[in-house]
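**Student:** Starting from the known structure of chain P, fit chain Z onto it as the hints suggest.
Protein chains: 2
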Amino acid sequence: MLTTRKTNRRQLILDEAAKLFKQKGFGGTSMRDLAREVGMEAASMYNHIKSKDEILDLICTRIAHTYISQLAEIEQTDASYADKVKALIRLHIRLMIEDGAAVSVANHDWKYLPEPQLTEFKQARKDYEKGFAQLIEKGIAAGEFQPVNVSVALFTILSAVRWVELWYRPGRELSAEELEDHIITMLLTGLAK
Amino acid sequence: MLTTRKTNRRQLILDEAAKLFKQKGFGGTSMRDLAREVGMEAASMYNHIKSKDEILDLICTRIAHTYISQLAEIEQTDASYADKVKALIRLHIRLMIEDGAAVSVANHDWKYLPEPQLTEFKQARKDYEKGFAQLIEKGIAAGEFQPVNVSVALFTILSAVRWVELWYRPGRELSAEELEDHIITMLLTGLAK
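Note that the protein sequences, when read in sequence, are chains P and Z.
Using our numbering, read the first sequence as starting at 1 and increasing by one per residue.
Using our numbering, read the second sequence as starting at 1 and increasing by one per residue.
Please note: incorrect hints may appear among the correct ones.
Since copy identity is lost for identical chains, a pair holds within one copy or between any two.
[Claimed, not checked] Only pairs whose alpha carbons sit at most 30 Å apart, straight line, appear in this in silico BS3-like list of lysine-lysine:
(1) Lys-122 - Lys-19
(2) Lys-193 - Lys-126
(3) Lys-138 - Lys-52
(4) Lys-193 - Lys-122
(5) Lys-24 - Lys-138
(6) Lys-19 - Lys-52
(7) Lys-126 - Lys-52
Keep in mind that the hints were calculated from the coordinates and are not lab data.
In isolation and in its complexed conformation, chain P is listed as follows (with noise of 0.2 Å):
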């Protein structure tokens, strides 16, 4: 019980922080601010936090690891390598839409990481579109994907899918499933009929 609650806390801060990090960006908040927002003393998240470094690297962490370990149950179904892609697209937007504040945050304030965590954030990212090049390079291979240049497809995805998180808002006339499907029409049967 005990722990739970002590949990629930920690993740309440966390939470707190990814939406102040990404409304005044990290350097822009303070653990002051942190605070007054949670609701606690200073000297009590302190209880549950070591410092703001700590919390970019869970936050950072907790996202990189979201993306890797999907990437890894998509890659070991039987689907096709179209269906592998869109599914990866599906995440990218719905993680946007539903941990809209932490992606931002994995997204623009990794640099600040501290080392080694900056070096294991960085790794990770580039094993994960390291995975998902290889699916569109086996998905050419397999027929499925026209001849493009792996990098140039993977690139247009990755920045394609990124503009969702300038531009969504909850009440916009899309829902979020809607959204998925239009951006999958775009990328995978292109906007010409």
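**Tutor:** This is chain Z only, laid out in the frame that chain P set:
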């Protein structure tokens, strides 16, 4: 002759300023840095240019004007909507490759423009996006394009071409034209066969 030399000097200052703003940010660049870079005394540089704000305005206005005038030209051709959209995608990539520093400044540092230039720049961007969206809309109405959500199509395209700024370096395995072709394949035809 004297006028030409003065214009060239001015253009040299603007070009070097774009490179410095891209490298160190608008806020991180001083007029003294710039004078050093162009090899002039700060005092004589002020014969060509009034202020850092004026430089930023000249760079952003030139890029905005390039987009707007190219769009107007493309709109007036008899090409299909698909070819018009392809021409715009090529324009974005070509500008990024050939005039990268200025495009980067217009993409990132426009927010430091003073008023009324800031409002004018935002309006120009809005007009451009509206014109681009109308081409997509008309293409859908003409049965050339899939019935995707127009905003999704527009921002997928605009954001997909953005990564070129981060990724492309002369000497990459792809020429500018190949890069354009692959991105156009991704966005118009789609990754799937």
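**Student:** Checked against the structure, which of the hints given earlier come out wrong?
**Tutor:** 3, 4, 5
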